[in-house]
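So the chains spell out like this:
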Amino acid sequence: MPIGSPVHESLSTRCSSMFWKEWSGYHAVKSFDNCHEREYFAFRHAAGVIDVSPLFKYDVTGKDAGQFLSQIMVKDINKLKVGQVTYCCWCDEDGYVLDDGTVSRLEEDYYRVTAAEPFLAWFLKFKRNLQVEVSDVSTKYAALSIQGPNSRSILKEMTDIDMDNLRFFRVEKGTLATVDVWISRTGYTGDLGYEVWCLAENANQVYEDLFKIGAPWGIKACGLDALDVTRVEAGFIMNAVDYYSANQCLIDARKVTPYEIGLGWCVDLDRSFFVGQKALKKLKDHPRKVLIGLDIDWVELEKEFAKHDLPPEVCNQAWRDGKPLYNSMDEFIGFATSGTWSPALKKNLALAQVPPAYAKVGNKLKIELTVEYERRTITATVVKLPFFNPERKRKP
Amino acid sequence: MKHSKYDAIIIGGGHNGLVCAAYLAKAKKKVLVLERRHVLGGAAVTEEVFPGFKFSVCSYVVSLFRPHIIRDLNLPKHGMEIMPLDVSFSPYLDGRSLARWADGTRTRREISKFSAKDAEIYPEFGMSMAKMSRFVKEIIDNPAPNPTSFNPKELFNILKLGKYFKEFGGDFMHLHAQLLTMSAADFLDMWFESDELKSPMSVSGIIGTFLGVRSPGSAYVLLHHYMGEIDGAFRSWGLSKGGTGQISLACAGAAREFGADILTEASVAHVKIKKGRATGVVLENGDEYDAKVVVSNLDPKRTFMNMVGEDHLDSEFKQQINRYKLRGSSGKINLALDFLPEFSARPGQEHLRGDIAICPSTDYLEKAYDEAKYGAYSKRPYMNIVIPSLTDPSVAPPGKHVMSIFVQYAPYHLKEGPEAWPEKREEWADSVITCLEEFCPDIKKAIKHRQAITPWDLEKDFGLTEGNIFHGELSLEQLLFQRPAPGWSQYKTPIKDLWMCGSGTHPGGGLMGAPGHLSAHTMLETGAL
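Residue numbers (this note's numbering), protein chains in the order written: chain A, 10 to 405; chain B, 17 to 545.
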């Protein structure tokens, strides 16, 4: 049975819909209203706050912390500067992805890793004789994500951290209201946004203060349904949705390499040892499939519905049940793993994996959808990821 | 100064002109748009009237904008974003109130406070309207077929429409006949018993027209407002992020990307006509531009009486244009608010994020019309209010708000004459605010700035003849193949190479872009360009 997150009290007073779901053993809000629509628009037009405390968090400290993490992560963490955050993944010995998350260098010898699944035991396997301590701080710290164009203005009023100079994928320590926090310019919406990390016992106060100060800026409590739409628009993959951690897979065919889920860019291959390096060198140039973005043809979909005398309908939430993809010969070539109607782009989008031969931008594939219970294939065009990439996301 | 020749010159940078320009430019035509004002958008315009406060100065909500235009022109790429309005709130003078939500069960509970029976019929009514809207959608997404023509294509189009109509079945046809002939109030009486529900529903039948809720013909307009469509979902209304001007700017962005030239502060004096053929335009500053075709985004009266000139029109056509009814009936008041005032009938703000209708009873609405019939503005008018800053904080400084009040009736033709409006402007606005105060007691305290726009201002500043927001009444005799004049519904005019693309053409007014698109489509398809 799930338990409440550190801000459960604040969440439950606001969650009038009673729409909850389980996230890593915690109660997480799906949507506060009976529909996530307004929360989605808060993310895109004002500011939304979402509790991301259920993430697994590990503190890695000690003289050799950087070297230690460089052996685990596909990215060379030694290169990470103090105050910098990076996104990457880690693999097993065979080069298959175990999980993806962020690594922040909080101090000279102090790093923090976030993960979707528990990995303490795996990390400890590589401690060997290095001077490093790894501790699971998942319950010690809470994390609140403030995303949207007004997020900076709100935080500016609350913290001594110089928000105007906190660049994209940077983290800084300071106080927020009266609470000690780290603020990182990171998030899962593909928009301007920040994540506030604080001791779990202070999280309710931070959450409430955000609403007090943020009210004039249109701040809104948001749930996972709204986040899911934004993350697909941003082209972000998700463990257990768009791929499966290698240690959860019974067959190799289900496992993926970083090159197969769009994470090839974060693999620093030519350097000293890291887990999976040897295998990845071989796998690099032979991905069985690659991550692509799809734009599902609306006019065709509309026509299929019109055959039943119906207006077009799309699921009003992001979907994550896989859908098969076919080539022009009607041969099965791959699958879409998640998708959404994008209210911002007015497009019907999906994330998918197909063999490289089909992955060229502009290529036309077919996706299987059901229209009035009947299976139909609709043209889906390969488009560049991310789908949604506003300038404000990275802008100083 | 003479300039190089264009394929098409579009007079007026309203949203339809810009949509038309974008489609023509997309078809590789050399296009020039000339806008008189310093800002694009016509009546779909956002202006920072007071520092920090951005207003959708005239047109303030969006629902009819055609989804295929959004797709074809990739308007989201150019900054168009629409956020749904999910509640309609109506306060009553006795302290009760009704909020109709996107959430059906919540709406049922709200309506059942007034009538349990109505609460159940309400979704049934919505279904009937949705079915009807789908027929209307066929009509608005295609040029109006001409029933007097023996052209096989026209006949085919009529047959197609007729077949579509027939497939809906007998009940539907009866319903359609009722909608075309009845008043909004009578039509709603057939369905509902509670006046508290009927009065806010009936106002959709009068918005922007010179009809009362008990005037025959108003039921059709009810439907016109019921067929809002966002993302394929009927019946939803939305706000444009950054104001409605953002939609126009997105259309302009698309047009420019396809290669169209757009000039602002380029006021056209008249259309150049040689041997009954439009050859270009002359600007107020004397500049001349030539083109294969000239397209007017202006209303029919302005197009033919001001831009073409009576001398170039035959007497019958001239008479038709003279008879074309504009007679604006509404004004707009835009407020910059220091704080968000509450409505005494229901404190809180959740229900204020949609539209707020001040129309406490059917009699109230009819009385408001009575005054207008005899050339006075309504002392206690119907008001349709939105507070976009609740959904889109970017339009006001933090914690402050913008309130847009659509006010009806404010007839263009005052008994003292329309030219009396400037003198009465502030007095009228005062009376509107005083009326609103009955429902929203703190409103006067909250007002930081006020902009009052009378029908006279709509005409003078925005070029809407007689202040008609739809470029002509949406009454049956001025719709379909009769808009703007019988025989001239397909964007052509009696002047060769002069075309129309504004709301005065089929399918009419509203922020939908359909006339602009259909006009471009017709020009390209008929080989005019």
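Treat the hints loosely; a few may be bogus.
Using C-beta positions, here's what the derived DEER-type ranges look like [as the list claims (entries may be wrong)]:
| hint | chain 1 | residue 1 | chain 2 | residue 2 | range |
| --- | --- | --- | --- | --- | --- |
| 1 | B | Ser410 | A | Gly34 | 47 to 57 Å |
| 2 | A | Gly371 | B | Glu541 | 45 to 55 Å |
| 3 | A | Ser26 | B | Ser410 | 43 to 53 Å |
| 4 | A | Tyr382 | B | Met321 | 50 to 60 Å |
| 5 | A | Gly371 | B | Gly68 | 35 to 45 Å |
| 6 | A | Glu18 | B | Glu140 | 40 to 50 Å |
| 7 | A | Ser26 | B | Glu541 | 46 to 56 Å |
| 8 | A | Glu18 | B | Ser377 | 39 to 49 Å |
Keep in mind that the hints were calculated from the coordinates and are not lab data. Here the structure is a predicted model, which means the values were calculated and not measured. Think of the CB as a built atom: it goes at the ideal place given N, C-alpha and C, for glycine as much as any other residue.
Tested hints:
1. B:Ser410 to A:Gly34: 47 to 57 Å: Distance hint for serine 410 of chain B, glycine 34 of chain A is violated at roughly 38 Å.
2. A:Gly371 to B:Glu541: 45 to 55 Å: Cβ of glycine 371 of chain A to Cβ of glutamate 541 of chain B: about 28 Å, so the range 45 to 55 Å is violated.
3. A:Ser26 to B:Ser410: 43 to 53 Å: violated, 27 Å
4. A:Tyr382 to B:Met321: 50 to 60 Å: holds, 57 Å
5. A:Gly371 to B:Gly68: 35 to 45 Å: Cβ of glycine 371 of chain A to Cβ of glycine 68 of chain B: about 44 Å, so the range 35 to 45 Å holds.
6. A:Glu18 to B:Glu140: 40 to 50 Å: holds, 42 Å
7. A:Ser26 to B:Glu541: 46 to 56 Å: The hinted range 46 to 56 Å holds for serine 26 of chain A and glutamate 541 of chain B, with Cβ atoms some 49 Å apart.
8. A:Glu18 to B:Ser377: 39 to 49 Å: holds, 45 Å
In this structure, the earlier hints numbered 1, 2 and 3 are contradicted, and the remaining ones agree with it.
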